[in-house]
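Asks: The listed protein sequences derive, respectively, from chains C and B.
Using the numbering used here, the first residue of the first sequence is number -2, and each one after it goes up by one.
Using the numbering used here, the first residue of the second sequence is number 632, and each one after it goes up by one.
Please note that the accuracy of each hint is not assured.
[What the hints assert, rightly or not] Coverage of chain C stretches by chain B, computed from C-beta distances (three or more under 8 Å per stretch; other residues unrestricted):
#1 46 to 56
#2 71 to 81
#3 248 to 256
#4 336 to 346
None of these hints come from the bench; they were simulated from the model.
For every residue, glycine included, the Cβ atom is placed at its ideal position computed from N, Cα and C.
Chain residues, written in single-letter form:
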Amino acid sequence: MSTVALTAGTAAPAAASPEAFAGTATAQALKLDLFGTTITLGSTNAEADTTPQAVASGSGVALLTATASSATANSTTPTATPPQACGVNLPLTGILTLSLACSQSAGSVANSAPTATATSNIAALNVGTLSLVLQLLQPILNALEPIANSLIGSVLTTVNTALSGLGLGAVGTTLSNLLGGLGVSETQPVSSLITALEKATDLATIHVGDSSAGVTTSSGTVIATSSAQAATIDVLPGILLNGGPLLSITVGTATTTSTYNRGTGVSTAAFSPAILTVSLLGINVPVGLGAPVSLFAGTPLASTISLGAGSTTKNADGSVTATADGVGLDLLQGINGGISLDLAHAASGVGGTVAAVTTTTTVAPTTTTTVKPAITTTTLPPLATTGSDTPYLAIGFTLLLAGYLTRRKLLARRAGSGSQR
Amino acid sequence: MTDRLQRFSQNLDARWARLGGVRAWRSRGGRNPDALTPRSWARRLISAASVGLVVAGVVVIGWPFLTNLWQDRLQDRLSRQLKSQSLAQAYRENRVGIGDSLTRIKIPAIGVDVVVVQGTTESALDAGAGHYTNTPLPCDIGNVGIAGHRTTYGKPFTNLDKLKPGDTIELDTPVGGCVYTVAASPFVVTPTDISVLDATTTRSLTLTTCNPKGSAAQRLVVHATWSENLQPV
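Using the sequences provided together with the hints, build the complete structure.
Replies: See below:
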């Protein structure tokens, strides 16, 4: 599992120094590392610091440059918003939209406040025939609306009264709250339901491998967020009053948030992982295992399994990192790097220091006192990986040999059974 | 027609006799010997798996060569991009995107002549060599960092260890070029020793690649110092 590289530099000499901060966020929908060979799908990165600089990048499929986008903003280029990069983008207006391996990045620096955002996905299918169906049914709905309103409205009122009479008022209240979430009125249920349905942007959306990463700087905070989902199915998205879907099922979710307070210099981190999240009428039910499970530790077969797990780290310099994994497998770590699978992995980190204040006292001339030590925070990735530990020849010849021997044995058995006949 | 039927009938009889006749047929449970049994399905599955293993073996052995082909194709596109006016403009404004052409590197001593892209991300390095984004642009004041593959993706830095002090390295950017001279023999560091990319007040160049060949355990580093501009930069 990857980690966020966020390290602190050395303390500066006692003197006035400007504010310094850095934030970084990264998310991957799927990352498979097979003995050193890596396949990454739906990945995003965002970085911002006090240079000021904002760098965002994303890719639908890491190996295909057509699906990658990047944006760099700084003082000389305050805004960078390149167009969305897509492997396939097939919109059929009003019926469905299919996009495969897309990414979009944006960066901006406004008043020395850098902001970088990136999103990507592996596949997205939006089925949008709902408005078409509603248009076709409009005459029938218009005719039936007054009668249905009156009939269903009175039924709902009767049910509520009956539930109250039975001492089940809480059930009635829950029902009202659920309908309220949809914006459905008890007196005009059909009209308000049609209005709610019209708000739904699509009939259903299916997203595979969504990820997003962003670092946002405001006057008070620097917030780095990252999130990844392996797959999400939304039924009637936009139907709820808060813009949410009627039903949402998400497999593999990882979300992290790291916040740096520019006023106090304090950083905090949080994470939220889940293997499965079901959301009905805006009520979320996440399912996760918790802490990672380690097997065969200390041996070449050492393996770690994380199902809906995450962690936060506070470094000595005050910077923080948060990581979350929907599903994370690190298998056979002692054998050529082993096999690593991250399904919905998210990580973020921030750190920094407030501007050091220098005061000169009048009691002792030329005596200078630094109130707060200055710590410079920078993101320092390791040297680029330009090689691989994978023994291609050995693995290849082993596979060839295994295939050849299997085939030979098979043919020998076939010949043997043929001669028996 | 009758002759043909007779011959067919004789052939059928002969085949039936070879299979052991009625007795053998009954001993097999009276089933058609050519019918697909679970055992024959398993055999077919194993047969397919063996073919799959052979194909996978060929692909794995050929993987480094495939990456070379891919890099070669990519270099063609990058070469064209390097000559474009839009890239020159982006270069002047320091907004060359990750994976886009940045400069051409030529090292006559080891036969290197490839386009270097902006960035050292995994996908950017498919081009063979990439520029560390946290270092200055080629030929600018400071320590310019470039990483290159050693065994795959065109392996431009495969013979980096053979460079000697005095060898020249030429960088041709969309807005000019310059020449650096190797300052010292190549040396090995750990992947986390990023001090080799520390900023300098003079113009210098640092090349990195994986070491030893076929491994990512260490990094081989070459430092070079600026010697001349080829055109005004």
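Asks: Checked against the structure, which of the hints given earlier come out wrong?
Replies: 3 and 4
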